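So the protein lines, in turn, are chains A and B. Residue numbering for the first sequence follows my numbering, beginning at 2 and increasing consecutively. Residue numbering for the second sequence follows my numbering, beginning at 89 and increasing consecutively.
Calculated from the structure, these hints are not laboratory results. You may find that some hints are simply not true.
What the hints assert, rightly or not - Quick list of simulated restraints, FRET-style, between CB atoms: (1) B:Asn173 with A:Lys130: 39 to 49 Å; (2) A:Phe60 with B:Glu206: 58 to 68 Å; (3) A:Val145 with B:Thr326: 57 to 67 Å; (4) A:Asp170 with B:Glu322: 35 to 45 Å; (5) A:Ile262 with B:Thr326: 54 to 64 Å; (6) B:Gly230 with A:Phe146: 55 to 65 Å.
Stated by the list, open to error - With a cut-off of at most 30 Å between alpha-carbon atoms, the simulated BS3-like pairs for lysine-lysine come out as follows: (7) A:Lys84 with B:Lys142; (8) B:Lys142 with A:Lys83; (9) B:Lys195 with B:Lys163; (10) B:Lys163 with B:Lys221; (11) B:Lys195 with B:Lys142; (12) A:Lys7 with A:Lys130; (13) B:Lys205 with B:Lys116; (14) B:Lys223 with B:Lys176; (15) B:Lys195 with B:Lys223; (16) A:Lys87 with B:Lys176; (17) B:Lys145 with B:Lys247; (18) A:Lys84 with B:Lys247; (19) B:Lys213 with B:Lys163; (20) B:Lys163 with A:Lys83; (21) B:Lys145 with A:Lys84; (22) A:Lys83 with B:Lys96; (23) B:Lys195 with A:Lys83; (24) A:Lys84 with B:Lys116; (25) A:Lys87 with B:Lys221; (26) A:Lys87 with B:Lys142; (27) A:Lys83 with B:Lys213.
As the list claims (entries may be wrong) - These stretches of chain A come out as covered by chain B in the derived footprint (C-beta under 8 Å, 3 or more residues): (28) 15-21; (29) 79-93; (30) 139-152; (31) 210-223.
Everything numeric in this text was worked out from a predicted model, so none of it was measured. No residue lacks a Cβ here, since even glycine has one placed at the ideal position from N, Cα and C.
Listed below are the residues making up each chain.
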Amino acid sequence: MIEILKLSVIQRALIAILIAGAFLPLAGSFSLLSGTSFLAAGFAHIAFAGVALGYLFRFDPLLGALVVTVLSAYAMWYLSEKKEGKYEQTLSILFSFFMALAILFFGLTKTYTSDAISYLFGSPLMANKIDITLLLVAFLFYLVFVIYYHRVLFLIVFSTELSLASGIDVSRFRLYFFLFTALAVVFSMKSVGALVVYGLMIIPPSLSQRVSRHFSQMIWISVLVGIASAFVGFILSLVVDVPVGAAVVVTATMFYLGSFIFKK
Amino acid sequence: MPEIVFYKVAIGYPGNVIAEDVTFTVEKNDFLIIFGPNGAGKTTLAKTILGILKPLKGETYIFGCPVTGVCPHKKMIGYVPQVYNIDKDFPATLYDVVISGCYPLLKPLQKIPSHFKEEAVENLKTVGLIDFKDKPFAHLSGGQQKRGLIARALMGPPKTLLLDEPTSGIDMASEIQVNEVIINTHRTFQIPVILITHDINPYLEVATKFILMGYGRYFFGSFEEVIQPDVLSEVYKTKVDVVTKEGFKFINVRDFHHDRNT
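This is chain B alone, in the form it adopts within the complex (with noise of 0.2 Å):
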């Protein structure tokens, strides 16, 4: 049984449908990349995972169990969001942010399990964040705020990581660093990963799974089915090329205006 199940879905916003027959299921140990161009309606899948909007049709499940519906598999979803501005004077410590990721599975008053203390400090190490326990949340970079948000979606553990562009607004050193945790975390935890991203170059040794979206095409698939250089040239609306070099295969975005070397 497929852990995610999406058949014949329509998302988006009542009177506004962004993709229409999205059919995609994720298996365990998945690597599921989403990708496509800006307002193709990437985070709106996410949101439709996740259960915060109602799919305007089709059949979706998680873990067998219907997103809409009480599910408490819902939050067994790691989650990292997109965009996070914070109030540089919020009041929590790294660590706090970190173990709010157990609370959803904590009745209100019950005291913080010692499990859970000790997976909050383990999942600082996995990300390399130990010596920012204490800091203030609010205090960190971009970076490190986006792999203490890492660390709390993979406090439970849960059963699937969704990250939406974690590595977007940060620099190029950061970025490297957030692709490597990524990656370590779904070899370590052995959980499936979606991720939606625009950069999928880091990915592609450990994809599965991808999804490309591009205003009203959807495509699902391997590798193999969904890079296309033509399909991507398509949704992109630019030359696109599926490059081999060094045995590793990767997409390199080419606009004939602006390439150096021609």
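Looking at chain A on its own, in the form it has when it is part of the complex (with noise of 0.2 Å):
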């Protein structure tokens, strides 16, 4: 195991897969706290239509990947706070959209290669330099965020009502939050997987609401169960030979059951 440890693509892997375990369940937390939790599932499925954009026209998945879902979340963004839409209406509608141009992407490439199913189910070995370097600056980048507005993202996620009354452009903080997380599914994709990236965004964060009393307890505890979820689930995957973004779901999901020993 040690040895495995030491070649230099698994050890990248194992980066990607722990900046990936941190950033989603910091996204996450605001998610779910605001009621939104269903986003990040919306934007992984939007997403991968914009991986099969990537294929179908010969250009980077990923760049796909990243214009689409950045875009859907500005015109979700755009549609229901300019135009009075229903968030989870318009996501939902956004959602089903951007699937079915995804399978019609897919069926016009006459291929189905195993890179796009890596961006389904994950997988970190596949992740290059570039891909952990966007994934780290974009993390930083809302670890930054929320360090400095967290007293704003409590009073938000607290209170519309309230922060609105004190003076807080709430609209443009729900576009950052809306922003972010859509970098936080696209950067993550590769390593953990479309498909399972939900689970990081929601389960270790629900988690740590369960076991804590504060607000910035909440958030560090759920991106320390993320991180940890990331390592076991990683190294499991590499003994059992099981995809890691399963492992790292399944392994998240085990510290969330057994977080009902705990009371807060």
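With the hints as a guide, bring the two chains together.
Dropping the structure here:
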């Protein structure tokens, strides 16, 4: 096992999965507290359409996922904030539309390569230095954003009305939140997989919410649980040779179930 | 100079005017009661005072500053919202919620000054919840949560307190406690209070001004100017009396079809 961990490809994979393990629960904590937990699932499926678009027109699938997901995040914010659309309806429509597009694009490419499947189920071994750098930079940006605005974020998730009454531009922060969530999903897809991004975004914050008494405590415990799930899941995937994304989410779920023996 | 000035203001949403020619002032030490039937626009007026909604027309000033402009004084209104539903697992203690009342007054990474921490504890004593300081906010009863939100609204301290139906959805015993807290706060802090309520009787002793809103009808003034049985009966579409008993006046809504004494 130690010998395997010395391989640079394995080390890169481990770094990628650990960053995703920290980034996704960090974004997921705000999704969960603001009642928008479906956001990650929606973005993951929308991103997959971008991957399909990349394969169809032969450009970097990650770039396709990035453009499509970020534009969708902005469209969702614009329609729900400026056109009085309902957030859940808008996301559901975008989700269905882009899933249909993904199937359509893959149908047109006539091939369904193993590389494309890696975006669906996750394959950190395929993560290159650029993928890891993008993931790390997006994570650090979000981390700084959360630390700098943690009080504003608390007020927003505690009560939108009280935030507005305090003069906070809630709409602007919602846009930032949608965009960062989109980035977390897109850059984590390759290492964790589109199908399980949602799990890593929601399960660690759900565990953390159960055991935390304070907002900041919840954020940091969810990040630690995400990292621990990523590490244990990665090692498990090496030992029993299963897809890493699935192993990570199963581990996170075991941690969540284990949290029921603790009380606040 | 009055603390709050509304002059010929139309409130509502684009394409849906709820009340027009809303004109009133709130002076230091005023206790203004806003009342009227459901859907009359009371919360819309509260949101316009807070700057959450833009006035459709007219002039609005808070502490001499236009409500919708960039106004530092906007953070000086302590607000207690009408409806408050919180997830039972929301990660915040009562103290966390109360101290968050000073967040709009702090710079992003500024350490919370000790005087705000002391103030949060004092406010919890004022509303009678100091023993619940470290309890999860979501585990408190509806009445305790409302008192907690009043303690939060008092952080700063604010220049004005605005409460939107603070006794809605809570039991009778909690209602009495919340009423006492509001009246004591007004007297202790000597700040103007704007209170939206359906039950004005507990506050008639301290109220200085009244706004009655009723589906396009708008009345503002003192007790004698607004609390008129014929006006109230017309707005509420039921028989309303103003009764004097043991030197105190109160409003009696009487539906003759359901009155046990007739």
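Now the hints, each set against the structure:
no.: 1; hint: B:Asn173 with A:Lys130: 39 to 49 Å; result: holds (47 Å)
no.: 2; hint: A:Phe60 with B:Glu206: 58 to 68 Å; result: holds (60 Å)
no.: 3; hint: A:Val145 with B:Thr326: 57 to 67 Å; result: holds (59 Å)
no.: 4; hint: A:Asp170 with B:Glu322: 35 to 45 Å; result: holds (42 Å)
no.: 5; hint: A:Ile262 with B:Thr326: 54 to 64 Å; result: holds (57 Å)
no.: 6; hint: B:Gly230 with A:Phe146: 55 to 65 Å; result: violated (35 Å)
no.: 7; hint: A:Lys84 with B:Lys142; result: holds (17 Å)
no.: 8; hint: B:Lys142 with A:Lys83; result: holds (15 Å)
no.: 9; hint: B:Lys195 with B:Lys163; result: holds (13 Å)
no.: 10; hint: B:Lys163 with B:Lys221; result: holds (24 Å)
no.: 11; hint: B:Lys195 with B:Lys142; result: holds (26 Å)
no.: 12; hint: A:Lys7 with A:Lys130; result: holds (17 Å)
no.: 13; hint: B:Lys205 with B:Lys116; result: holds (27 Å)
no.: 14; hint: B:Lys223 with B:Lys176; result: holds (12 Å)
no.: 15; hint: B:Lys195 with B:Lys223; result: holds (27 Å)
no.: 16; hint: A:Lys87 with B:Lys176; result: holds (25 Å)
no.: 17; hint: B:Lys145 with B:Lys247; result: holds (25 Å)
no.: 18; hint: A:Lys84 with B:Lys247; result: violated (35 Å)
no.: 19; hint: B:Lys213 with B:Lys163; result: holds (23 Å)
no.: 20; hint: B:Lys163 with A:Lys83; result: holds (25 Å)
no.: 21; hint: B:Lys145 with A:Lys84; result: holds (22 Å)
no.: 22; hint: A:Lys83 with B:Lys96; result: holds (28 Å)
no.: 23; hint: B:Lys195 with A:Lys83; result: holds (29 Å)
no.: 24; hint: A:Lys84 with B:Lys116; result: violated (40 Å)
no.: 25; hint: A:Lys87 with B:Lys221; result: violated (37 Å)
no.: 26; hint: A:Lys87 with B:Lys142; result: holds (22 Å)
no.: 27; hint: A:Lys83 with B:Lys213; result: violated (43 Å)
no.: 28; hint: 15-21; result: violated (count 0)
no.: 29; hint: 79-93; result: violated (count 0)
no.: 30; hint: 139-152; result: holds (count 4)
no.: 31; hint: 210-223; result: holds (count 8)
Checked against the numbered hints listed earlier, the structure breaks hints 6, 18, 24, 25, 27, 28 and 29; every other hint is satisfied.
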